[in-house]
Amino acid sequence: MDRITQKRLLEALLFATAEPLTPVIMRERLPEEADLGALLSELQKEYEEHGVQLVEVGGAWAFRTAADLGDLIVLERNEERKLSKASMETLSIIAYHQPVTRAEIENIRGVSTNKGTLDILLEQNWIKPGRRRETPGRPVTWVSTNHFLDHFGLEALTDLPGLDELKASGLLDRRPAIETIPDLFDQEDDESDLHQDEEDEDTLIMEEG
Amino acid sequence: MDRITQKRLLEALLFATAEPLTPVIMRERLPEEADLGALLSELQKEYEEHGVQLVEVGGAWAFRTAADLGDLIVLERNEERKLSKASMETLSIIAYHQPVTRAEIENIRGVSTNKGTLDILLEQNWIKPGRRRETPGRPVTWVSTNHFLDHFGLEALTDLPGLDELKASGLLDRRPAIETIPDLFDQEDDESDLHQDEEDEDTLIMEEG
Amino acid sequence: METSDTEKQTLSLANENFQEDPPRAELGARDEADMLLLKIDGYEGPIEVLLELARSQKVDLRHISILQLVRQYLDFVERAKELRLSLAAEYLVMAAWLTYLKSRLLLPNEEVSGDEPTGEEMAEALQFQLHRLGAMQKAGDELLKGNILGQAVFARGMSEKLQVNANVQFNVSLYDILNVYGKIQRRKEYSEYTPVPFELMSMDEASERLTKMLGNLPRSGSSSAQSVWATLESFLPEKIKNPLYGRSTIAATLTAGLEMVKQGHADVRQDGLFRPIYMRATKRKPLKDECVEGVQ
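Residue numbers (the numbering used here), protein chains in the order written: chain A, 1254 to 1462; chain B, 1254 to 1462; chain C, 585 to 880.
Isolated chain A, as found in the complex (with noise of 0.2 Å):
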């Protein structure tokens, strides 16, 4: 198969599909001696200026309208479910502080959380469970899925915004707060262990109160 065969095969597979493809599937269905990176940004770029781009995904690959064109593309839209406060909060939290365990969730919302709302997360496919928490429970983690930086518009976890900010103030620090001060605990505890593992559920209000 020749090149431009190649890139037109890549460029009918990826129109295709609603949802984005990840190297391996596009491999698979591309003769092997094919450049897939090289027919990916060479199909990238010639879409630039199109209506539709090429876009990345978390690793994965997908044709998605411009995004400068949104006002003017009025489709039906299905019903949008508005999301609530809460599970916005939930999601925020735990796309930044990921992998984030329920307990630090309510730690940092300084509220136990409603049932309903990682609920709803889920159903959406924005989070999944991660990997175990290594501490005494050992708690599911939650983290977020492809299909939520699909969803947001985003290319990774990189582009959340405001995220080198967050991390350069030291936001994203799942302890409780009060363990956060640095004078009041173990001066030896250096940065490094700033996501140490300790599960205490207890907030700071529930410490002192």
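Honestly, the hints are just simulated from the structure, not real lab data.
Built from N, CA and C at the ideal position, the CB exists for glycine as well.
Among these hints, one or two may not hold up.
[Stated by the list, open to error] Residues on chain B that point at chain A, a partial pick, calculated with CB under 10 Å: (1) 1268; (2) 1303; (3) 1304; (4) 1308.
Given chain A, work out where chains B and C should sit, using these hints.
Then chains B and C, alone, in the frame of chain A:
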């Protein structure tokens, strides 16, 4: 709106709509001054050599995979096929209780399992036979596959949320169970290996039909 | 009840002048408390209320005045009490904690014992908590402003699926699997109560057995209708492992024996409380009901 934006918008519309677009509909979405016929033939020409092409079907327009690529990518209409409830239940029980025999699955579900149910899961390569249980009849046990993990985005089986965690996520709305009479379950014999991985003793409720 | 812009300005002005002008600030805080009380249902907990109050200070969350925040919050709780609004317990717990924090903040540091956090440290932690939560809320807003699929950006409308080995592809997510597993568990717990079948000797069984065995007992005389006496135990099946079943055989055999007494086929005798029970076959007229009652 300049001509380039018009063309990009048209391209995006044709890409994103679920049905071929009639000229009437396209005109509605484009500014009045747009020359639809010219835009369409320009787009059609641009895509001529591509893997997807702009084609007219009974007066309406749509992007379609180039005919010569049809044999290379076998596509099927995107019908949402739902896994039957029985299959889903069986899959979840195998995931949580593996290795588990068919009789045990039936105990847990409380209904007998069709052969077809396991077949579907086998076909999807989500389950495979495990070791035979060293009990009378040496029944085959079922376990989940690595493909199952991949498909559902899990790294390890132990990442599956436990019952308490399902409950906390709102997936398992639970009221206190009736206390079981321990004496009545004294005769359990070698079922102990069944739940080796389960931390939650609640899952033990379902022995002995 | 909307607060006009001018009112808001007064409010923020009042807050800025907090230190110099306490009475006016109190008034401002009260308005603020009322505003919050109007919206209280929308809040998930005291931390959120605190965050809202902190925002009203109109400074970077890193630089909020904790003392001022404490006053605002306590005022909010006071006002709720005055208006006889019931606040959830967690709001009152927070109020108590903040009161404690306030006293610690006003206490000279030296008087705090070594291990405990100082007031400043507690205040810093609270500040961090608010700052972090605020940052996450902002991040959520930013995410929603992004190119959301289906709102700003669209996927292929006439989507097709790549065929895999001519097999069917099922549309099933991890959520489905977890959800269905939860349902199975729940179903088990609510499922109707099916009593465990007890292994017991039935009356019919005992009666049949007893009739046969009594008939086989040796007679006391050649023409006698009466057999020799035999203990109740001797009529019971042997080698019973299940104690519950064992007890049921005793009860059923005795009852069956009494029934046979009533019918005139047997006699039952016990020489005293807790003494052995004897039975023998006999032949006489059936007892009448009232007579049986009399015996009992």
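Now for the hints, and whether the structure bears them out:
The criterion of a C-beta within 10 Å of any C-beta in chain A is met by residue 1268/B, whose closest approach is roughly 5 Å, and the hint holds. Given hint, residue 1303/B at the interface with chain A, holds; its Cβ is 6 Å from that chain's nearest Cβ, closer than 10 Å. The beta carbon of residue 1304/B comes within 3 Å of a beta carbon in chain A, closer than 10 Å, and the hint placing it at the interface holds. Interface restraint check for residue 1308/B: the shortest CB-CB distance to chain A comes to about 13 Å, outside 10 Å, so the restraint is violated.
Violated hint: 4 only; the structure is consistent with all others.
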